[in-house]
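Q: Chain residues, written in single-letter form:
2 protein chains.
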Amino acid sequence: MRWNDRRILDLFNIELPILQAPMAGASTPEMAVAVSEAGGLGSVPSAQYSAEQLREIMKDVRSRTRRPLNLNFFAHEMPNPDPARDMAWRARLASYYVEFGLDPAAPIPSTGRKPFDAAFCDVVEEFRPEVVSFHFGLPSDDLLDRVRNSGAKIISSATTVAEAVWLEERGVDAVIAMGYEAGGHRGNFLEMDMATQVGTMALVPQVVDATSIPVIAAGGIADGRGVAAALMLGAAAVQCGTAYLFSPEAKIPAVHRAALLDARDDNTAITNVFTGRPARGVVNRVMREVGPISDLAPPFPTAGSALAPLRMNREAAGSDDFTNLWSGQAARLAERLPARELTLALARGAQAALGRM
Amino acid sequence: MRWNDRRILDLFNIELPILQAPMAGASTPEMAVAVSEAGGLGSVPSAQYSAEQLREIMKDVRSRTRRPLNLNFFAHEMPNPDPARDMAWRARLASYYVEFGLDPAAPIPSTGRKPFDAAFCDVVEEFRPEVVSFHFGLPSDDLLDRVRNSGAKIISSATTVAEAVWLEERGVDAVIAMGYEAGGHRGNFLEMDMATQVGTMALVPQVVDATSIPVIAAGGIADGRGVAAALMLGAAAVQCGTAYLFSPEAKIPAVHRAALLDARDDNTAITNVFTGRPARGVVNRVMREVGPISDLAPPFPTAGSALAPLRMNREAAGSDDFTNLWSGQAARLAERLPARELTLALARGAQAALGRM
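Taken in order, these protein sequences are the chains called E and G. In terms of the numbering used here, the numbers along the first sequence are unbroken and rise by one, the last being 357. In terms of the numbering used here, the numbers along the second sequence are unbroken and rise by one, the last being 357.
Calculated from the structure, these hints are not laboratory results. Owing to the predicted nature of the structure, the values given are computational and were not obtained by experimental measurement. Backbone N, C-alpha and C define an ideal beta-carbon position, used for all residues, glycine too. Incorrect hints may appear among the rest.
[Stated by the list, open to error] Have a look at the derived ranges for each label pair, beta carbon to beta carbon:
#, chain 1, residue 1, chain 2, residue 2, range
1, E, Glu289, G, Ala105, 22 to 28 angstroms
2, E, Ala352, G, Asp10, 20 to 26 angstroms
3, E, Ala352, G, Lys251, 40 to 46 angstroms
4, E, Arg356, G, Met192, 46 to 52 angstroms
5, G, Ser212, E, Asn149, 55 to 61 angstroms
6, E, Ile293, G, Glu99, 27 to 33 angstroms
7, G, Ala88, E, Asp82, 56 to 62 angstroms
8, E, Arg288, G, Asp142, 56 to 62 angstroms
9, E, Arg288, G, Gly355, 57 to 63 angstroms
[Said to hold, decoys possible] The following residues of chain E were derived to be distant from chain G, with all beta-carbon distances above 12 angstroms:
#, residue
10, Glu15
11, Ala88
12, Ile108
13, Ser150
14, Ala164
15, Ala182
16, Val204
17, Asp223
18, Thr242
19, Asp266
20, Pro292
21, Pro299
22, Arg332
23, Arg356
[As the list claims (entries may be wrong)] If we take Cβ atoms under 8 angstroms as the criterion, some of the chain E residues that face chain G in the derived model are:
#, residue
24, Ala24
25, Ser63
26, Thr65
27, Glu125
28, Trp166
29, Ala195
30, Met201
31, Leu203
32, Gly220
33, Ile221
34, Ala228
35, Ala254
36, Val255
37, Arg264
38, Ala269
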């Protein structure tokens, strides 16, 4: 397949302008290997692992493909402990604990997502992923320098032009323009107001105009038509997440898979109730009754802890009422294929759409 | 210029797949004439006119172009009088009246937008516009039959797949898939929850898949790249609004023009404070302090009456604090051209983007 815009292909040394979105908890090493072997860029999310776990994952992945890989990290700062706020959040959820026979006062283990740190950086230096991507901004300058010196190309997500310009000023090699349609955690880090987040169709060309680095379009792209449209907007590649959740390589609860199979264009919303940061998922009971945006939700990632017992209890009963059903607005467009075939189908679909004109 | 997908071109008998959005209050007969003469489809909004005023407008427009025209109407139902709710709304705004030396208890004239009715339908039958478009759904079956029997092609806006299917079932000839990015009043009529509205990138292909009529893409499209992207998504044409607000043919207050010149990707939001229905505009003081969405705002179009004295007072002082600054998320992309040149630039820009691939 021939691509006129080779900026991202040459930068990452890949064959297809398709990035698999790193989806902490849902992506698997198998998914990353399949996408990279197909010629796209497979991604390994790290925030759910310890550095030691990530080392084992990378050993495994590197043994199964010699193609370029993206290693993804979260760049948030861990909030200071705020027991009063945590208790207010548990109080908001207490009636659900009672409803399902759980003890609202029982200690709950902290479930969290770890930010990039020196220990993670050691893993980067050891395994030298070709691309390192960050979500929620960028880590401190010294850590960023270490990543850059490892030889990795660095990318991060922007949900506004201002965030894209901020990232370019700090030396990223490419920017992901993440539109309103995208599933999972939004990458926003300068702007916290969800009322002004920008749709992909408007965001991508404005980021292209405001920066001089290659732009990767994300949000609402789940088939070849979307890939072709993104290229028309000036993107050099796309990042797809939700479409890969239908692949057998995805590791998601049965209730999440069922919700995705039923997803419509208009039944997702951006919510902060699951983790404390805004993320798009299929609307369910806890989003309807507590959110979708709640001022009570403590900062990322601590909001998730108090939800965990409810989620486990309800999933065991076959209910998705308390599960984060991450999905973008274009789940319905996705061909339900293994990760390798999906990657090829996205690329071929784009070529077909481009060829029709 | 050659266009592979001729469905909308042949349906409306136009040369370019570009519709100028009807923008009640901002569009002018001059704008519609310029767009239609350029080969696109010019639109005349009607909701701000009486039937008699519209008759004069149509006489004028028809005398200046023989090209096809779109006559646009609102299809809302007028709400029953609800003095208690109106008073609660005036109470919410009373402190602003005091701040600017206005009498909060003075009678205020009702400023409104009139729905399509038999008198408007007489004008359609008299002037036989080639296209009649509706916003907020469709009028009653008997009126719709009269429009259809006049020979007009009928179109309306959908903000979700469900709305598009509803419109197709009622026999529209084409559907406008209006994404989240679009400026001005959203066309939503089945779904009132703004949290689940769909971005253009995700909406257009899902409407294409769910219907068998031609799809016109709207929302976030303000240059040739956006037009080309919409065609890739399967749209047969696009509708652009915000871009035309920069043309000399647009009739908008100076404060609105200034806000558009400063517009960024991330400083608009969807608000109901100006009219009672959700509409996207540049964020200003009343949106920040009262909205952007307020449960107190009475139903469309009555919310606007109590704002009118504040708007007039503040505009006279050069302030946009109480003015509805309608804009989509892509104002920044617009070339600032007269309506005829803009129409040609959108079409040529699309051809150039398509040609690059």
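Q: If a hint holds in the structure, say so; if it doesn't, say that too.
A: Quick rundown of the hints versus the structure:
1. Against the hinted window of 22 to 28 angstroms, the Cβ-Cβ separation of Glu289 (chain E) and Ala105 (chain G) comes to about 40 angstroms, which falls outside the hint.
2. Roughly 24 angstroms separates the CB atoms of Ala352 (chain E) and Asp10 (chain G), a value that falls within the hinted 20 to 26 angstroms.
3. Restraint check, Ala352 (chain E) to Lys251 (chain G): a C-beta distance of roughly 44 angstroms satisfies the suggested window 40 to 46 angstroms.
4. The hint said 46 to 52 angstroms for the Cβ distance between Arg356 (chain E) and Met192 (chain G), and at roughly 37 angstroms that hint is violated.
5. Range check, Ser212 (chain G) to Asn149 (chain E): Cβ separation about 57 angstroms, and the 55 to 61 angstroms hint holds.
6. Between Ile293 (chain E) and Glu99 (chain G) the CB atoms are about 30 angstroms apart, so this pair conforms to the stated range of 27 to 33 angstroms.
7. Checked against the hint of 56 to 62 angstroms, the pair Ala88 (chain G) and Asp82 (chain E) fails, with Cβ atoms roughly 37 angstroms apart.
8. In this structure the hint that Arg288 (chain E) and Asp142 (chain G) lie 56 to 62 angstroms apart at CB is violated, the actual value being about 38 angstroms.
9. About 48 angstroms separates the C-beta atoms of Arg288 (chain E) and Gly355 (chain G), a value inconsistent with the hinted range of 57 to 63 angstroms.
10. The claim that Glu15 (chain E) is not at the interface with chain G holds, since no C-beta of that chain comes within 12 angstroms of its own (minimum 17 angstroms).
11. Distance check for Ala88 (chain E) against chain G: the nearest CB is about 23 angstroms away, which clears 12 angstroms, and the non-interface claim stands.
12. At the 12 angstroms boundary, the C-beta of Ile108 (chain E) stays outside the reach of chain G, the nearest C-beta of that chain being 28 angstroms off.
13. Residue-level check passed: Ser150 (chain E) sits 33 angstroms from the nearest beta carbon of chain G, beyond 12 angstroms.
14. Not every CB of chain G is more than 12 angstroms from the CB of Ala164 (chain E) (nearest about 10 angstroms), against its label as outside the interface.
15. The beta carbon of Ala182 (chain E) sits about 9 angstroms from the closest Cβ of chain G, which is not more than 12 angstroms, so the claim that it is off the interface is violated.
16. Non-interface call for Val204 (chain E) relative to chain G: violated, since the shortest CB-CB distance, roughly 8 angstroms, does not exceed 12 angstroms.
17. In this structure Asp223 (chain E) is not separated from chain G by more than 12 angstroms, as the shortest Cβ-Cβ distance comes to only about 7 angstroms.
18. Remark: the non-interface label on Thr242 (chain E) conflicts with the geometry, its nearest Cβ contact in chain G lying 10 angstroms away (cut-off 12 angstroms).
19. A cut-off of 12 angstroms between C-beta atoms contradicts the statement that Asp266 (chain E) is not in contact with chain G; the least separation is 4 angstroms.
20. The claim that Pro292 (chain E) is not at the interface with chain G is violated, since a C-beta of that chain comes within 12 angstroms of its own (minimum 6 angstroms).
21. Distance to chain G confirms Pro299 (chain E) as a non-interface residue, since its nearest Cβ pair spans about 21 angstroms, more than 12 angstroms.
22. Not every beta carbon of chain G lies more than 12 angstroms from that of Arg332 (chain E), the smallest distance being close to 6 angstroms; the non-interface claim is violated.
23. With a minimum CB-CB distance of about 6 angstroms to chain G, Arg356 (chain E) fails to clear the 12 angstroms threshold, and the non-interface call is violated.
24. Hint on Ala24 (chain E) is violated. Least Cβ distance to chain G is approximately 23 angstroms, over the 8 angstroms limit.
25. With 8 angstroms as the threshold, the beta carbon of Ser63 (chain E) stays out of range of chain G, its nearest partner Cβ sitting at about 37 angstroms, so the hint is violated.
26. With 8 angstroms as the threshold, the beta carbon of Thr65 (chain E) stays out of range of chain G, its nearest partner Cβ sitting at about 30 angstroms, so the hint is violated.
27. Look at Glu125 (chain E): its Cβ only gets to about 36 angstroms from chain G, farther than 8 angstroms, so that hint breaks.
28. Interface hint at Trp166 (chain E): violated, since its Cβ lies 13 angstroms from the closest Cβ of chain G, which is beyond the 8 angstroms cut-off.
29. The beta carbon of Ala195 (chain E) comes within 4 angstroms of a beta carbon in chain G, closer than 8 angstroms, and the hint placing it at the interface holds.
30. For Met201 (chain E), the suggested interface contact is upheld, since its CB lies about 4 angstroms from the closest CB of chain G, less than 8 angstroms.
31. Residue-level restraint check for Leu203 (chain E) holds (minimum Cβ-Cβ distance to chain G is 6 angstroms; threshold 8 angstroms).
32. This hint holds: Gly220 (chain E) has a C-beta 3 angstroms from the nearest C-beta of chain G, less than the 8 angstroms allowed.
33. Taking 8 angstroms as the C-beta cut-off, the interface hint given for Ile221 (chain E) holds, the closest approach to chain G being about 7 angstroms.
34. With a cut of 8 angstroms, the hint placing Ala228 (chain E) at the interface with chain G holds, because the nearest CB-to-CB distance is about 4 angstroms.
35. The interface hint given for Ala254 (chain E) is violated, since its Cβ lies 24 angstroms from the closest Cβ of chain G, which is over the 8 angstroms cut-off.
36. Because the beta carbon of Val255 (chain E) sits about 20 angstroms from the nearest beta carbon in chain G, more than 8 angstroms, this interface hint is broken.
37. Hint status for Arg264 (chain E): holds, given a least beta-carbon distance of 7 angstroms to chain G, under 8 angstroms.
38. The beta carbon of Ala269 (chain E) is positioned within 8 angstroms of a beta carbon in chain G (closest approach about 4 angstroms), and the interface hint is therefore held.
Going through the hint list in order, the structure does not satisfy hints 1, 4, 7, 8, 9, 14, 15, 16, 17, 18, 19, 20, 22, 23, 24, 25, 26, 27, 28, 35, 36.
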